[in-house]
Amino acid sequence: MNATGSSARTAAGQTSVRVQTADFDAGREIAALRAANPAIGAVASFIGVCRDLNDGAAVEEMVLEHYPGMTEKSLARIAAEARERWDLIDILIIHRVGRILPTEQIVLVVVTSAHRGESFAACEYLMDYLKTRAPFWKKEHTPDGSRWVDARASDDAAADRWK
Amino acid sequence: MNATGSSARTAAGQTSVRVQTADFDAGREIAALRAANPAIGAVASFIGVCRDLNDGAAVEEMVLEHYPGMTEKSLARIAAEARERWDLIDILIIHRVGRILPTEQIVLVVVTSAHRGESFAACEYLMDYLKTRAPFWKKEHTPDGSRWVDARASDDAAADRWK
Amino acid sequence: MLNVLYFARLKDALGRDAEQIDLPHDVRDVSSLMAWLRLRGDAWERELQPGRAVRAAVNQDMADPDTPVRDGDEVAFFPPVTGG
Amino acid sequence: MLNVLYFARLKDALGRDAEQIDLPHDVRDVSSLMAWLRLRGDAWERELQPGRAVRAAVNQDMADPDTPVRDGDEVAFFPPVTGG
Numbered sequence: 001m002n003a004t005g006s007s008a009r010t011a012a013g014q015t016s017v018r019v020q021t022a023d024f025d026a027g028r029e030i031a032a033l034r035a036a037n038p039a040i041g042a043v044a045s046f047i048g049v050c051r052d053l054n055d056g057a058a059v060e061e062m063v064l065e066h067y068p069g070m071t072e073k074s075l076a077r078i079a080a081e082a083r084e085r086w087d088l089i090d091i092l093i094i095h096r097v098g099r100i101l102p103t104e105q106i107v108l109v110v111v112t113s114a115h116r117g118e119s120f121a122a123c124e125y126l127m128d129y130l131k132t133r134a135p136f137w138k139k140e141h142t143p144d145g146s147r148w149v150d151a152r153a154s155d156d157a158a159a160d161r162w163k
Numbered sequence: 001m002n003a004t005g006s007s008a009r010t011a012a013g014q015t016s017v018r019v020q021t022a023d024f025d026a027g028r029e030i031a032a033l034r035a036a037n038p039a040i041g042a043v044a045s046f047i048g049v050c051r052d053l054n055d056g057a058a059v060e061e062m063v064l065e066h067y068p069g070m071t072e073k074s075l076a077r078i079a080a081e082a083r084e085r086w087d088l089i090d091i092l093i094i095h096r097v098g099r100i101l102p103t104e105q106i107v108l109v110v111v112t113s114a115h116r117g118e119s120f121a122a123c124e125y126l127m128d129y130l131k132t133r134a135p136f137w138k139k140e141h142t143p144d145g146s147r148w149v150d151a152r153a154s155d156d157a158a159a160d161r162w163k
Numbered sequence: 001m002l003n004v005l006y007f008a009r010l011k012d013a014l015g016r017d018a019e020q021i022d023l024p025h026d027v028r029d030v031s032s033l034m035a036w037l038r039l040r041g042d043a044w045e046r047e048l049q050p051g052r053a054v055r056a057a058v059n060q061d062m063a064d065p066d067t068p069v070r071d072g073d074e075v076a077f078f079p080p081v082t083g084g
Numbered sequence: 001m002l003n004v005l006y007f008a009r010l011k012d013a014l015g016r017d018a019e020q021i022d023l024p025h026d027v028r029d030v031s032s033l034m035a036w037l038r039l040r041g042d043a044w045e046r047e048l049q050p051g052r053a054v055r056a057a058v059n060q061d062m063a064d065p066d067t068p069v070r071d072g073d074e075v076a077f078f079p080p081v082t083g084g
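Residue numbers (this note's numbering), protein chains in the order written: chain C, 1 to 163; chain E, 1 to 163; chain X, 1 to 84; chain U, 1 to 84.
Keep in mind the hints are simulated off the structure, nothing from the lab. One or more of the hints may lead you astray.
[Said to hold, decoys possible] Listing some non-contacts, in silico: residues in chain U with all C-beta distances to chain C over 10 Å:
# : residue
1 : MET1
2 : ARG16
3 : GLU19
4 : VAL27
5 : GLY41
6 : THR67
7 : ASP73
[Stated by the list, open to error] Example chain X residues on the side facing chain E (calculated, C-beta under 10 Å, incomplete):
#  : residue
8  : LEU5
9  : PHE7
10 : ARG9
11 : LYS11
12 : ASP12
13 : ALA53
14 : ARG55
15 : ALA57
16 : ASN59
17 : GLN60
18 : GLU74
19 : ALA76
20 : VAL81
21 : GLY84
[As the list claims (entries may be wrong)] Straight-line distance between alpha carbons at most 25 Å, and here's what the computed SDA-like set of lysine to any residue pairs gives:
#  : chain 1 : residue 1 : chain 2 : residue 2
22 : C       : LYS139    : E       : HIS115
23 : U       : LYS11     : C       : VAL149
24 : U       : LYS11     : C       : HIS141
25 : E       : LYS73     : X       : LEU2
26 : C       : LYS139    : U       : ASP42
27 : E       : LYS163    : E       : ARG83
28 : E       : LYS73     : X       : SER31
29 : C       : LYS73     : U       : MET62
30 : C       : LYS139    : U       : PRO50
31 : E       : LYS73     : E       : ARG152
Cβ coordinates follow ideal geometry from the N, Cα and C atoms, glycine included.
Given only the sequences and the hints, what does the whole structure look like? Please build it.
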């Protein structure tokens with residue numbers, strides 16, 4: 001498993017950021033966070049999945065490139081910003097890189113807190129950041145050849161909500 | 001396992017509502033939804049957990065009462081309303097009733113869609129409804145005796161956002 | 001005949017979870033049914049007084065004070081919900 | 001010396017993922033570095049022209065056209081990100 005990342009325990013919980021080629025077990029990750037802390041009342045999570053169709057083209061596989069170093073740094077910083085905005089317990093971000101097939105998982109974000117509003121808001125905030133500011137790029141392979149995926153205007157609009 | 005509920009397959013996916021005394025495996029439920037449909041690009045989920053402290057009192061156990069019949073009916077209706085508001089694939093709601101211990105799971109909501117905005121919004125919408133309109137009541141047992149949990153004003157405010 | 005159900009704090013305070021009531025002559029809606037039940041005094045008067053946090057459902061749909069109540073209906077009284 | 005990195009579409013179009021450049025005399029910020037690289041012509045002129053969807057980072061922080069570039073910096077060019 002080729003993984004880089006960071007992990008920092010705070011008084012309230014833990015921030016973990018992992019960039020890896022291997023798939024992940026979302027259920028096991030969520031269960032591990034819950035088991036560690038009886039103060040957790042809310043667990044919001046999001047899984048991004050590789051679809052078999054994107055903009056009408058059949059996707060055979062996808063390759064995710066990233067900027068080693070900057071990726072981990074930018075994710076650790078946005079996690080710290082989320083902790084300043086909301087009262088959170090844990091933040092877990094796992095983002096895969098390399099070759100990914102349709103129906104495989106790409107990204108997992110899990111946020112735990114005492115009450116649900118905080119974990120929902122922070123989970124969506126982190127996903128909006130991942131889509132617009134974190135240095136990942138998707139290349140899709142289709143029957144017509146390979147193409148770099150264009151950024152979506154709707155993703156920029158989603159990220160702008162938090163300004 | 002004492003479970004009641006409903007399940008309806010639509011062209012786009014499936015709505016499942018389950019009210020049960022047994023615990024659930026969130027990871028397995030999420031994986032089963034994902035495996036069924038390669039059009040899924042986004043999976044938003046929420047787990048509500050029984051905390052060991054509520055309003056400063058140590059919680060030894062909780063008993064969840066509900067209104068059989070009305071519960072399932074109201075959850076099926078709110079799921080249908082969510083489908084009218086957003087372009088969704090699957091909706092899964094599992095709510096436990098009966099005796100629940102601290103750190104045990106109470107509720108699971110999973111929403112799948114092609115893009116993330118829809119699944120996030122619908123998942124939070126369903127949770128706000130569950131907190132304010134679905135007929136469930138919590139009784140906590142603490143060292144000082146048992147007490148029915150009071151409704152939170154913040155939950156009503158959260159639900160009012162959708163009006 | 002009405003099928004009347006009580007849940008949670010109301011069930012404990014009123015000492016029952018269900019009863020059947022012959023529809024009283026002057027009961028037409030949720031608020032007049034509550035007024036009729038309050039005439040029983042004691043816990044009934046205390047728990048169902050206006051201003052208490054009591055919710056009602058008629059035939060398993062959330063109801064208002066002026067939601068009609070008719071012979072054969074299922075009417076439920078309960079505190080504000082606390083699930084999820 | 002600058003350590004310059006290229007990612008994704010830019011890496012493919014420019015035919016390299018990294019290079020070291022002696023800091024040119026007239027390069028002070030991201031936009032003047034891009035102008036200097038465009039002087040190479042062909043793909044460089046096309047991919048780095050103003051108006052193309054190119055982003056830059058200096059020392060692994062997102063940068064603007066007027067973010068300073070100094071000797072020893074790591075500067076990266078890439079298209080808008082598409083992760084998550």
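(request) Closer than 10 Å between Cβ atoms is the bar; does X:ALA57 clear it against chain E? Give me holds or violated. (result) 6 Å, holds
(request) For the hint on X:VAL81, just tell me whether its beta-carbon gets within less than 10 Å of chain E. (result) 6 Å, holds
(request) Say whether it holds or is violated: U:MET1 keeps its Cβ farther than 10 Å from all Cβ of chain C. (result) Non-interface label stands for U:MET1: nearest chain C Cβ at 18 Å, farther than 10 Å.
(request) Would you check whether the claim that U:VAL27 is not at the interface survives, using Cβ distances to chain C and the 10 Å cut-off? (result) Nearest chain C Cβ is 21 Å from U:VAL27, so the label holds.
(message) Given X:ARG55 as an interface hint, is its Cβ closer than 10 Å to any Cβ of chain E?
(response) Hint holds; X:ARG55 Cβ to chain E Cβ min 9 Å, cut 10 Å.
(request) Return the status of the interface hint for X:LYS11: holds when the least beta-carbon distance to chain E is below 10 Å, violated otherwise. (result) Hint on X:LYS11: holds, closest Cβ of chain E at ~8 Å, below 10 Å.
(message) Would the hint linking E:LYS73 and E:ARG152 be met if the CA-CA limit is 25 Å?
(response) Holds. E:LYS73 to E:ARG152 sits at ~24 Å (cutoff 25 Å).
(request) Return the status of the interface hint for X:PHE7: holds when the least beta-carbon distance to chain E is below 10 Å, violated otherwise. (result) 6 Å, holds
(request) Take the C-alpha atoms of C:LYS73 and U:MET62, compute the straight-line distance between them, and say whether it is at most 25 Å. (result) 11 Å, holds
(message) Just to be careful: measuring from the Cβ of X:GLN60 to every Cβ in chain E, is the smallest value less than 10 Å?
(response) Cβ of X:GLN60 sits 4 Å from chain E, so the hint holds.
(message) Just want to verify: U:GLU19 was marked as not at the interface with chain C; is every Cβ pair farther apart than 10 Å?
(response) 16 Å, holds
(message) So if I understand the rule, the pair passes when the alpha-carbon distance is 25 Å or less; does C:LYS139 with U:ASP42 pass?
(response) Since the Cα atoms of C:LYS139 and U:ASP42 sit roughly 24 Å apart, the hinted pair holds (cutoff 25 Å).
Going through the hint list in order, the structure satisfies each hint without exception.
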